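A.B. asks: All chains should be modelled from the sequences, with the hints used to inform the complete structure.
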Amino acid sequence: MARDRFHQVVRTALERDGWEITHDPFRIKVGGVDMEIDLGAERLLAAERGEEKIAVEVKSFLVGTSAISEFHTALEQFINYRVALRQKEPQRLLYLAVPNLVYNSFFQLDFPASILQENAVRTVVYDIELAQIIQWKT
3 MARDRFHQVV
13 RTALERDGWE
23 ITHDPFRIKV
33 GGVDMEIDLG
43 AERLLAAERG
53 EEKIAVEVKS
63 FLVGTSAISE
73 FHTALEQFIN
83 YRVALRQKEP
93 QRLLYLAVPN
103 LVYNSFFQLD
113 FPASILQENA
123 VRTVVYDIEL
133 AQIIQWKT
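Going by my numbering, the sequence shown opens with residue 3, and the numbers climb by one from there.
Hints in this document: simulated from the structure, not taken from any laboratory.
Among these hints, one or two may not hold up.
As the list claims (entries may be wrong) - Quick list of in silico lysine to any residue cross-link-like pairs, SDA-like style, CA-CA up to 25 angstroms:
(1) LYS55 <-> ASP112
(2) LYS55 <-> GLN137
(3) LYS139 <-> GLY33
(4) LYS139 <-> GLN89
(5) LYS90 <-> GLU78
(6) LYS90 <-> ILE23
(7) LYS139 <-> ARG18
(8) LYS55 <-> THR140
(9) LYS55 <-> ASP36
(10) LYS55 <-> SER107
(11) LYS139 <-> SER62
Said to hold, decoys possible - Restraint-style ranges between C-beta atoms, simulated for each label pair:
(12) GLN110 <-> GLN89: 28 to 36 angstroms
(13) ARG7 <-> GLN137: 16 to 24 angstroms
(14) ALA69 <-> GLN93: 27 to 35 angstroms
(15) ASP26 <-> ILE130: 14 to 22 angstroms
(16) ASP112 <-> THR67: 31 to 39 angstroms
(17) ILE23 <-> ILE70: 27 to 35 angstroms
(18) LYS31 <-> ASN106: 31 to 39 angstroms
(19) ARG45 <-> SER107: 26 to 34 angstroms
(20) SER71 <-> GLN119: 33 to 41 angstroms
(21) GLY66 <-> GLN134: 35 to 43 angstroms
Source: prediction; values computed, not measured.
Where is the CB? At the ideal position from N, CA and C, for every residue including glycine.
C.D. replies: Pasting the structure below:
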């Protein structure tokens, strides 16, 4: 499976944010179908909360590509992966990782924003240049 251009940027950003990368990629098989989510990660939280586990699908939204086409692909993958995780690892939360420039422009338009809300898409926004997590949107 081909990795998104900013896969390593997001991996580095997650590690800097205190996450241990446990899977690269995170492979999951559900109903006879093999899938690969870009990253699996976990971190130990305060004793009363225990361990937090996530899976992250990285998207680059490169210049020169159709933003809406990339969005459709990302949303389809997100929905499929979320269903698979609910069946196999329901404690693991799925996030869609997107660059801050795309999040602050395209993702703020009425249509994409309403689709994200309607489908309860969790996002992690990253800065490409700094290899840093900017925000978590749940």
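A.B. asks: Determine for every hint whether it applies to the structure shown.
C.D. replies: So, going through the hints one by one against the coordinates:
no., hint, verdict
1, LYS55 <-> ASP112, "31 angstroms, violated"
2, LYS55 <-> GLN137, "17 angstroms, holds"
3, LYS139 <-> GLY33, "30 angstroms, violated"
4, LYS139 <-> GLN89, "23 angstroms, holds"
5, LYS90 <-> GLU78, "19 angstroms, holds"
6, LYS90 <-> ILE23, "19 angstroms, holds"
7, LYS139 <-> ARG18, "18 angstroms, holds"
8, LYS55 <-> THR140, "14 angstroms, holds"
9, LYS55 <-> ASP36, "20 angstroms, holds"
10, LYS55 <-> SER107, "29 angstroms, violated"
11, LYS139 <-> SER62, "17 angstroms, holds"
12, GLN110 <-> GLN89: 28 to 36 angstroms, "32 angstroms, holds"
13, ARG7 <-> GLN137: 16 to 24 angstroms, "21 angstroms, holds"
14, ALA69 <-> GLN93: 27 to 35 angstroms, "33 angstroms, holds"
15, ASP26 <-> ILE130: 14 to 22 angstroms, "19 angstroms, holds"
16, ASP112 <-> THR67: 31 to 39 angstroms, "21 angstroms, violated"
17, ILE23 <-> ILE70: 27 to 35 angstroms, "31 angstroms, holds"
18, LYS31 <-> ASN106: 31 to 39 angstroms, "36 angstroms, holds"
19, ARG45 <-> SER107: 26 to 34 angstroms, "30 angstroms, holds"
20, SER71 <-> GLN119: 33 to 41 angstroms, "21 angstroms, violated"
21, GLY66 <-> GLN134: 35 to 43 angstroms, "25 angstroms, violated"
In this structure, the hints that do not hold are numbers 1, 3, 10, 16, 20 and 21, in rising order.
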